[in-house]
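*Asks:* Modelling step: build the complete structure from the supplied sequences, incorporating the hints.
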Amino acid sequence: MGRAHRPSRQRRRIPRVVFLVGAVVVVVALIAAIAVVGNLVSSLFQTLAARPPAVDTRIVAPDESKAAKAAGDASATPEESAAATWLAAQPTTYWLTPEIDPVDEVWDRVAHLASEARDQDAALSVAVYGLPDRDCGNHSAGGLDPDAYRDWTSRIGDALRNAPDVQKIVILEPDSIALSSSCGSQGDRASYLRTAVENIRGTNTWIYLDGGHSAWHPVDEMASLISATGLIGEVRGVALNVSNYQDTAAEFAYAHALSERLGGTHAVIDTSRNGAGPAGSEWCNPAGRLVGPAGGSFGDGVVDTTLWIKPPGESDGECNGGPPAGTWWPAAAVELTRESR
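Start counting the sequence shown at 1325; every next residue gets the next number (the working numbering).
It is worth saying that the hints were derived from the structure and are not from the lab. Beta carbons are placed, not taken as given, at the ideal position from N, Cα and C, and that holds for glycine.
Have a look at the derived ranges for each label pair, beta carbon to beta carbon:
id : residue 1 : residue 2 : range
1  : 1645      : 1373      : 43 to 49 Å
2  : 1471      : 1443      : 32 to 38 Å
3  : 1643      : 1376      : 34 to 40 Å
4  : 1471      : 1584      : 34 to 40 Å
5  : 1396      : 1643      : 25 to 31 Å
6  : 1584      : 1428      : 41 to 47 Å
7  : 1398      : 1584      : 50 to 56 Å
8  : 1445      : 1545      : 37 to 43 Å
9  : 1376      : 1443      : 21 to 27 Å
10 : 1392      : 1617      : 20 to 26 Å
11 : 1398      : 1507      : 41 to 47 Å
12 : 1587      : 1655      : 42 to 48 Å
*Replies:* Next comes the structure, spelled out in structure tokens:
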């Protein structure tokens, strides 16, 4: 008896389109993996390349500073124009305020500053100045409510992180800690500052808290105020003499004393208007002052560097003949630069 014939099995062919789709999926996956690895390598490189500010650090001379705008004022006298033009060329911290750079515009402002930093081969330096109850109702009163402040600092942080290749210096809320004891809002202010630090920090971003200055709070008192924020371990250090006129040597001594009490924290010192030293206890538009040494002139193991933080030529407030705080004051610009330009 013969064997029954079994029908032969036909091999099912996989359509070519399936192979093509599979190949495309594999290629896309490889490209995505390469991109992820590339981003990780780039991020690692940027992190390793990050360096804190130091002597010879040069910051941006912003082309949209008030000095730059005043330099183009056709109604200015020749001396006023010369002072504004000279100041516009000096590397100076740009102040971010919600009044000038609100939440829907501040990202673009920071992005423009970062672009300038690349063009000038410089670091970007900004003072963030929009804290709720800013200046405790004094000459620079204002600021945002807590929710708006969270949104505003978040936008600033997003823009800063969008420029990982640029060294970024952030002077966080000048006077906020030194004023906190007299404003009676220490706990609230610490909370707002924590929000800002969390929103702003990132690769190659060096944040400095308010540290007052040598003629304001005694060292132990200032160290206690800073410690109470719980933030000193999460930032690079403190900013001293912002918008004030104290001698550089006095601020170096103060920085070292604070550092000893705060676990070795670092500092930057504002030398924008201390060329003639202080005028006693007068802090609001004192007469006879001069611009100080250029930023990046001095530093040591505690003081990372000196910087121009308060833009010379901008008023401290409506005192001693000055216009409202932050307003360009041609007469002050002329006086401050009389021995430099």
